[in-house]
Amino acid sequence: MSDISKNAPEQQTPSNLQKLFLHPGLQESDIDRSLKTCKEYEILLEFYQKQTNSGSFIWNLQNDQLLWSQNMAAIYGVDPNVLEGSFTYVFSQLIHPEDQERVKKEIADMLICGKVHPIEFRIVRPDKTERIIQSNGEFELDEQGHPIRCIGIHQDVTETRRAQEALQEEKIFNEALLNSVPGMIYLYDTDGHLVRWNKKHEQITGYSPEELAQMTLMSWYQGDEKSQQAVIKGVETTIATGFGDAEANLQTKNGTVIPMYFTASPLTIAGKQYFAGIGLDITERKRTENALLQSEEDYRQLFEAESDAIFLIDNQTGNILQANQSACAMYGYSRDELLTMKNIHLSAEPEQTNTVTKKTPIIPQQIIHIPLRWHRRKDGTAFPVEITGRFFTRDGQPVHIAAIRDITERIQTENEIKKLNDELEQRVIERTAQLSAAIKELEAFSYSVSHDLRTPLRGIDGWSQAILEDYGNQLPPEGLNYLHKVRAEAQRMGKLIDDILQLSRISRLEMVKRQVDLTAMAQNIFTSLIKINPKRQISGKIQEGLSAYGDARLLEIVLNNLFSNAFKFTNNVESAVIELGETTLNGERTFFIRDNGAGFDMAYASQLFNAFHRMHKVSDYAGTGIGLATVQRIIHRHGGRVWADAKVNQGAVFYFTLPENP
Amino acid sequence: MTPKIILLVEDNPSDIELTRRIISKSKISNQMIVKEDGQEALDYLLHSDHDSNPLPDLILLDLKLPRVHGLEVLRQLRANSHTRYLPVVILSTSIEEQDMIQGYELYANSYIRKPVDYVQFSQILMLILQYWLETNESPRLG
Numbered sequence: 003m004s005d006i007s008k009n010a011p012e013q014q015t016p017s018n019l020q021k022l023f024l025h026p027g028l029q030e031s032d033i034d035r036s037l038k039t040c041k042e043y044e045i046l047l048e049f050y051q052k053q054t055n056s057g058s059f060i061w062n063l064q065n066d067q068l069l070w071s072q073n074m075a076a077i078y079g080v081d082p083n084v085l086e087g088s089f090t091y092v093f094s095q096l097i098h099p100e101d102q103e104r105v106k107k108e109i110a111d112m113l114i115c116g117k118v119h120p121i122e123f124r125i126v127r128p129d130k131t132e133r134i135i136q137s138n139g140e141f142e143l144d145e146q147g148h149p150i151r152c153i154g155i156h157q158d159v160t161e162t163r164r165a166q167e168a169l170q171e172e173k174i175f176n177e178a179l180l181n182s183v184p185g186m187i188y189l190y191d192t193d194g195h196l197v198r199w200n201k202k203h204e205q206i207t208g209y210s211p212e213e214l215a216q217m218t219l220m221s222w223y224q225g226d227e228k229s230q231q232a233v234i235k236g237v238e239t240t241i242a243t244g245f246g247d248a249e250a251n252l253q254t255k256n257g258t259v260i261p262m263y264f265t266a267s268p269l270t271i272a273g274k275q276y277f278a279g280i281g282l283d284i285t286e287r288k289r290t291e292n293a294l295l296q297s298e299e300d301y302r303q304l305f306e307a308e309s310d311a312i313f314l315i316d317n318q319t320g321n322i323l324q325a326n327q328s329a330c331a332m333y334g335y336s337r338d339e340l341l342t343m344k345n346i347h348l349s350a351e352p353e354q355t356n357t358v359t360k361k362t363p364i365i366p367q368q369i370i371h372i373p374l375r376w377h378r379r380k381d382g383t384a385f386p387v388e389i390t391g392r393f394f395t396r397d398g399q400p401v402h403i404a405a406i407r408d409i410t411e412r413i414q415t416e417n418e419i420k421k422l423n424d425e426l427e428q429r430v431i432e433r434t435a436q437l438s439a440a441i442k443e444l445e446a447f448s449y450s451v452s453h454d455l456r457t458p459l460r461g462i463d464g465w466s467q468a469i470l471e472d473y474g475n476q477l478p479p480e481g482l483n484y485l486h487k488v489r490a491e492a493q494r495m496g497k498l499i500d501d502i503l504q505l506s507r508i509s510r511l512e513m514v515k516r517q518v519d520l521t522a523m524a525q526n527i528f529t530s531l532i533k534i535n536p537k538r539q540i541s542g543k544i545q546e547g548l549s550a551y552g553d554a555r556l557l558e559i560v561l562n563n564l565f566s567n568a569f570k571f572t573n574n575v576e577s578a579v580i581e582l583g584e585t586t587l588n589g590e591r592t593f594f595i596r597d598n599g600a601g602f603d604m605a606y607a608s609q610l611f612n613a614f615h616r617m618h619k620v621s622d623y624a625g626t627g628i629g630l631a632t633v634q635r636i637i638h639r640h641g642g643r644v645w646a647d648a649k650v651n652q653g654a655v656f657y658f659t660l661p662e663n664p
Numbered sequence: 016m017t018p019k020i021i022l023l024v025e026d027n028p029s030d031i032e033l034t035r036r037i038i039s040k041s042k043i044s045n046q047m048i049v050k051e052d053g054q055e056a057l058d059y060l061l062h063s064d065h066d067s068n069p070l071p072d073l074i075l076l077d078l079k080l081p082r083v084h085g086l087e088v089l090r091q092l093r094a095n096s097h098t099r100y101l102p103v104v105i106l107s108t109s110i111e112e113q114d115m116i117q118g119y120e121l122y123a124n125s126y127i128r129k130p131v132d133y134v135q136f137s138q139i140l141m142l143i144l145q146y147w148l149e150t151n152e153s154p155r156l157g
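As you go down the protein sequences, you meet chains A and G in turn. With positions in the first sequence counted from 1, the corresponding number in the working numbering is that position plus 2. With positions in the second sequence counted from 1, the corresponding number in the working numbering is that position plus 15.
These are computed hints drawn from the structure, not numbers from a lab. Just so we're clear, the structure is a prediction, and the values are computed from it rather than from any experiment. Watch out, some of these pointers could steer you wrong.
[Stated by the list, open to error] Derived CB-CB ranges, DEER-like: (1) Ser438/A with Tyr100/G: 53 to 61 Å; (2) Glu584/A with Ile127/G: 48 to 56 Å; (3) Tyr100/G with Gly481/A: 56 to 64 Å; (4) Asn68/G with Pro536/A: 47 to 55 Å; (5) Ser29/G with Gly481/A: 18 to 26 Å.
[Said to hold, decoys possible] Not close to chain A: a few residues of chain G, all C-beta gaps over 10 Å, as computed: (6) Asn27; (7) Ser29; (8) Leu33; (9) Ser109; (10) Leu121; (11) Lys129; (12) Pro130; (13) Val134.
[Claimed, not checked] Every beta carbon over 10 Å from chain G, so not counted as near; a handful from chain A, in silico: (14) His402; (15) Ile441; (16) Asn475; (17) Met513; (18) Leu531.
Note that beta-carbon positions come from the ideal geometry of N, C-alpha and C, so glycine has one too.
Use the sequences and the hints to build the structure in full.
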């Protein structure tokens, strides 16, 4: 009020308003009265204008003169007394240069249509401050309807406009914020109706704002009791604690089901209760979680299905942190029991177990293997196990995984094998002793045979000869013949005994192997045979340079037997040929002795090398049937093979092989 | 000429008779003494008065003998200075190499395997007598 009284003009000089409304012809008293009234109105007007931050003016279009109210000058920041002047001047001085063109055009439009419309523009006060002005007014028209004056009002709307702008900015910011949140935001009233939401809510659910306005809290979980329960529980928690959350599967408009995480907080707006919160799409998290769960489940299955007992053990304490089903079965403890135990409680050798647990260094990828350790079951029985361990750091703590295999059966089997081996060894020793005894017996027998059987033969032969010598002249020729036969038989038996003895001896003789010149050996034998059979026409073809590795005495027996046979069986051939040579059969060096004598029927070849087996009648070819058995035994002792090929009356070939290397 | 003394140590009657038959036909004048087991032979050679039981000029020794084995007889002969150099010809049926080796290791003078063929045997025996009684010289120790 003080402002009003201060600003109120005290002087008697007519004010602007007085000048404006002064009517000619009025009496002085009337004037005074009118002036008084007028002054009061002016006070009222200025008060109003001040309160509403507005001012008024009259613009005379004919002379461009402008009349201002007091507060108008205050709005424009100029001296009220200097305000008078042309509109053009004021316009150019105070209207913001950027707005001048637009305002000018607006005014021109108003003048053309004869009607004022509200416009807004900026002014620049002399002190350079900017204000926003809202202008409105009316034209006063002449009889022709042309505007002659404009009465207008200017209101300073700077604060209002700035407040509006700030509000708008805030609104834009909030909206941007709401829409940039990676989840949906919602506001439900206590009846469960969706009241407000952000753009993301529309995007995720696929519903239009109109459709969303019809939605309730439970609209999203049709037939999904689990989700419904979760949401209800979340709401209850929110009411009870001031915050609640839930995981539920949200059904979108197109039928897609999205796993979501929801939060809610109670909210009061204008005395009404609401629940506000956000909803996050947790598809990825769920997928990761599920993958993790699946992987964990896979490993759990593997862990439980393993037939070995598997433990996770804390190296520092030996505490059992995990144990699988096989561990329970193997040791006879329940899993709960195992998880309160230390690994040494399962060991029958706790010292060693403790040392390994605490002293094994952690080397990545290294596998510790303990081939045999004794462990103990709950019932006290000890059993052997094989342990495979891997030491590593888990959560900063040194631990190890131990896979334990019950090797009771394997140890039993090993023991049995060992026992069998021992028994076998014992049996071998026994058999060897028996064999040695048998050989000794055989040697004694052979000695006896050679000595005792031959002695009477000598008597038979000797006394027969004595008869021939002393009484030969008294016997008829037939008697003499018989005596000769007795002597021949006795001698044949002597030969037979000798051959048998030789056959048994060659098995017992210790072989002394060296490189033997077979060519020279064969030539000597051939020469000797020729000497014994001087009448025979036999040509010998003995290949030069034949050599073999073996026992010379035994190989000589072989060649002697084979050459003797060849001599014998070519007895009836006019020009006999006996050949010794070397050839390669199936990649193997093979010696052969070939003759063109009587040969034999290959049908009986399988028995050729059996002792006492003869291919010919004694009357045709003399012999004991032991020679080839002896040959075979010698060749076999050398690791070689012997066989024959023959045809009746077309000669025979005897082949034999001898290993080439010592 | 004093007849040569031949000691035959042999237990088989047939062998004794046939050997005697062969030796009797020898042109070399001889006297054959027969001992039928090893102990008898040792008694004669080592433990008797050699005036009445003169040491032989040749010993024909069988190996497989009753009581004392021929090789043992040989061993004891060689261990005795009186009999050390007596010519000993082993006449055996055995073809065991071991017998032969042991015989020579005990300084047998010869090892002959008696053949079944009587004619052959008599030829061999004649050669032996001729060699050891006529050709060979051995020291005679009292």
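Quick rundown of the hints versus the structure:
| no. | hint | verdict |
| --- | --- | --- |
| 1 | Ser438/A with Tyr100/G: 53 to 61 Å | 40 Å, violated |
| 2 | Glu584/A with Ile127/G: 48 to 56 Å | 40 Å, violated |
| 3 | Tyr100/G with Gly481/A: 56 to 64 Å | 49 Å, violated |
| 4 | Asn68/G with Pro536/A: 47 to 55 Å | 50 Å, holds |
| 5 | Ser29/G with Gly481/A: 18 to 26 Å | 21 Å, holds |
| 6 | Asn27 | 5 Å, violated |
| 7 | Ser29 | 4 Å, violated |
| 8 | Leu33 | 4 Å, violated |
| 9 | Ser109 | 6 Å, violated |
| 10 | Leu121 | 18 Å, holds |
| 11 | Lys129 | 6 Å, violated |
| 12 | Pro130 | 8 Å, violated |
| 13 | Val134 | 6 Å, violated |
| 14 | His402 | 71 Å, holds |
| 15 | Ile441 | 14 Å, holds |
| 16 | Asn475 | 18 Å, holds |
| 17 | Met513 | 14 Å, holds |
| 18 | Leu531 | 19 Å, holds |
Hints 1, 2, 3, 6, 7, 8, 9, 11, 12 and 13 from the earlier list are contradicted by this structure; the remaining hints agree with it.
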